[in-house]
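Here the protein sequences line up with chains A and B, keeping their order.
At position 32 of the first sequence the residue is numbered 32 (my numbering), and the sequence of numbers has no breaks.
At position 169 of the second sequence the residue is numbered 169 (my numbering), and the sequence of numbers has no breaks.
If you're looking for bench data, these hints aren't it; they were derived computationally from the structure.
Keep in mind that a hint or two might mislead.
[As the list claims (entries may be wrong)] So the derived label-pair ranges between C-beta atoms look like this:
id, chain 1, residue 1, chain 2, residue 2, range
1, B, D120, A, E198, 14 to 24 Å
2, A, P92, B, E202, 54 to 64 Å
3, A, H134, B, G177, 15 to 25 Å
4, A, E132, B, G205, 25 to 35 Å
5, B, D166, A, Q19, 23 to 33 Å
6, A, E179, B, E209, 33 to 43 Å
7, A, K91, B, D173, 31 to 41 Å
8, A, E143, B, R52, 48 to 58 Å
9, B, E189, A, Q19, 34 to 44 Å
The beta-carbon is built from N, C-alpha and C at its ideal position, and this holds for glycine as well.
As a plain string of letters, each chain reads:
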Amino acid sequence: MAEEEDIVLSEMEDDELVQQMHDDLYDGLRDEVVEGVNILLERGWAPYDVLTKALVEGMRIVGIDFRDGILFVPEVLLAANAMKAGMAILKPLLIETGARRVGTMVIGTVKGDIHDIGKNLVSMMMEGAGFEVHDLGINNPVENYLDALEREKPDILGMSALLTTTMPYMKVVIDTLKEKGIRDDYVVLVGGAPLNEEFGRAIGADAYCRDAAVAVETAKQFMERKHNQPATG
Amino acid sequence: MRQDPADAAGRAGEPSDRRLTEEGTGLGDNPGRRVLVIACGALAREILAIRRLNGWDRLELTCLPAILHNRPERIVPALRARVAEARARGWRQIVVGYADCGTGGGIDRFCAEEGLSRIDGPHCYSFFDGNAAFAAQAEDEITAFYLTDFLARQFDTLVWQGMGLDRHPELRDMMFGNYDRLVYIAQTEDPALENRARAAAERLGLRFEMRRRGYGDLVPFLAGAVGD
Numbered sequence: 001m002a003e004e005e006d007i008v009l010s011e012m013e014d015d016e017l018v019q020q021m022h023d024d025l026y027d028g029l030r031d032e033v034v035e036g037v038n039i040l041l042e043r044g045w046a047p048y049d050v051l052t053k054a055l056v057e058g059m060r061i062v063g064i065d066f067r068d069g070i071l072f073v074p075e076v077l078l079a080a081n082a083m084k085a086g087m088a089i090l091k092p093l094l095i096e097t098g099a100r101r102v103g104t105m106v107i108g109t110v111k112g113d114i115h116d117i118g119k120n121l122v123s124m125m126m127e128g129a130g131f132e133v134h135d136l137g138i139n140n141p142v143e144n145y146l147d148a149l150e151r152e153k154p155d156i157l158g159m160s161a162l163l164t165t166t167m168p169y170m171k172v173v174i175d176t177l178k179e180k181g182i183r184d185d186y187v188v189l190v191g192g193a194p195l196n197e198e199f200g201r202a203i204g205a206d207a208y209c210r211d212a213a214v215a216v217e218t219a220k221q222f223m224e225r226k227h228n229q230p231a232t233g
Numbered sequence: 001m002r003q004d005p006a007d008a009a010g011r012a013g014e015p016s017d018r019r020l021t022e023e024g025t026g027l028g029d030n031p032g033r034r035v036l037v038i039a040c041g042a043l044a045r046e047i048l049a050i051r052r053l054n055g056w057d058r059l060e061l062t063c064l065p066a067i068l069h070n071r072p073e074r075i076v077p078a079l080r081a082r083v084a085e086a087r088a089r090g091w092r093q094i095v096v097g098y099a100d101c102g103t104g105g106g107i108d109r110f111c112a113e114e115g116l117s118r119i120d121g122p123h124c125y126s127f128f129d130g131n132a133a134f135a136a137q138a139e140d141e142i143t144a145f146y147l148t149d150f151l152a153r154q155f156d157t158l159v160w161q162g163m164g165l166d167r168h169p170e171l172r173d174m175m176f177g178n179y180d181r182l183v184y185i186a187q188t189e190d191p192a193l194e195n196r197a198r199a200a201a202e203r204l205g206l207r208f209e210m211r212r213r214g215y216g217d218l219v220p221f222l223a224g225a226v227g228d
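Next up, chain A with everything else stripped away, as it sits in the complex:
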């Protein structure tokens, strides 16, 4: 019978360690992920590289397997907790080192809905991808969104709903933005289990995002387009 070898993270080469951190994140091993983050930092890795290459990439793999039905909500939550612990170390360092801000997002679950697991994952992944995220929490009436848009002046507005009965409220928010003539000032992304692309189009959102990884990719694409737009006036 083969003896199981103890894994010693500090003895691993960088590439091997990053792979191991992806596995540990996948398995929701919080302490091991924190240890990995600290080792890479001690080896002189830039905080941004630790974040993107070890944590965000690991979480991207988790997202794919969730989408494909290999992982389920509890495993994703454990992975998210592990990533959160790693990010808690990196966040102050990222601010200190002035890592590039990709954009700003206001996000919240709509009025009548208290579900926030998916929204919290999106917030975390967006932060991991370099966005400044202002999370409004759950059960947000249109006024909350309007106040936050005025206050934070974000690039992106994200709305989430889990219930068939609450998802139409996203249209109320978008219609209010139109009435006020500010709809086109923001990229509006929507998500949640009962939504689909057709619904996103029908209510006038810029995109429906199937999961947190797609939300990040979509947000990045919109930001790139924005930066590539020629200056007018």
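Assemble chain B onto chain A, guided by the hints.
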């Protein structure tokens, strides 16, 4: 010997709750003039009880696994396959024993394509409560988590294990922390089941409430299906 409630069968000949949750039930041939309900396994006992009480022998039932409740995106593909199978076996009169059930209009689109009708409402706990009454108090109950008789019986399988809380109880507050009460919408008067629902509320750390509603809007839907 005590029977595991998860294995409980209804009346003689009815499939067990475990089978209704995980496998569903099959489909018979020789439809004749009968009407087929293709339903969620979570509604099997209630549909059979309504059939028995009303003498609607023309009504035939086949069930998809109730566990699909946890992955609503899989409901329409499963329905599509079962409807195709039923049509291939000669069934002509078919109705869908689902509400919207978290499909975001997916079941409605499927029904429109196939010319079928479904039960009105967003979820089973809504039509058991009565859709109008449920909608009227929705705003006051946004922090409510609902159980029906079936969900109370299958709480361990569908909720506790289904959400992974048996393996990771530490995730309970991440998943249920925004709820403040569990509302048990009861179809039958069953003290044992009430106790199970109460225990479920306690395990989730939620206040317990109960409304005894019977079969709600499911009865008129089935009456319409059999033309009664």
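Going down the list of hints, with the structure as the test:
1. Our hint of 14 to 24 Å for D120 of chain B and E198 of chain A holds, since their Cβ atoms are close to 22 Å apart.
2. With their beta carbons about 40 Å apart, P92 of chain A and E202 of chain B fall outside the hinted range of 54 to 64 Å.
3. Here the CB-CB span from H134 of chain A to G177 of chain B is close to 21 Å, well matched to the stated 15 to 25 Å.
4. Roughly 34 Å separates the CB atoms of E132 of chain A and G205 of chain B, a value that falls within the hinted 25 to 35 Å.
5. Between D166 of chain B and Q19 of chain A the beta carbon distance is about 30 Å. The supplied range of 23 to 33 Å therefore holds.
6. For the hinted restraint 33 to 43 Å between E179 of chain A and E209 of chain B, the CB-CB distance of approximately 39 Å keeps it satisfied.
7. Take K91 of chain A and D173 of chain B: their Cβ atoms lie about 23 Å apart, and the range 31 to 41 Å is violated.
8. The hinted range of 48 to 58 Å is satisfied by E143 of chain A and R52 of chain B, whose Cβ atoms lie roughly 52 Å apart.
9. Between E189 of chain B and Q19 of chain A the beta carbon distance is about 58 Å. The supplied range of 34 to 44 Å is therefore violated.
Consistency with the previously given hints fails for numbers 2, 7 and 9, ordered from lowest to highest.
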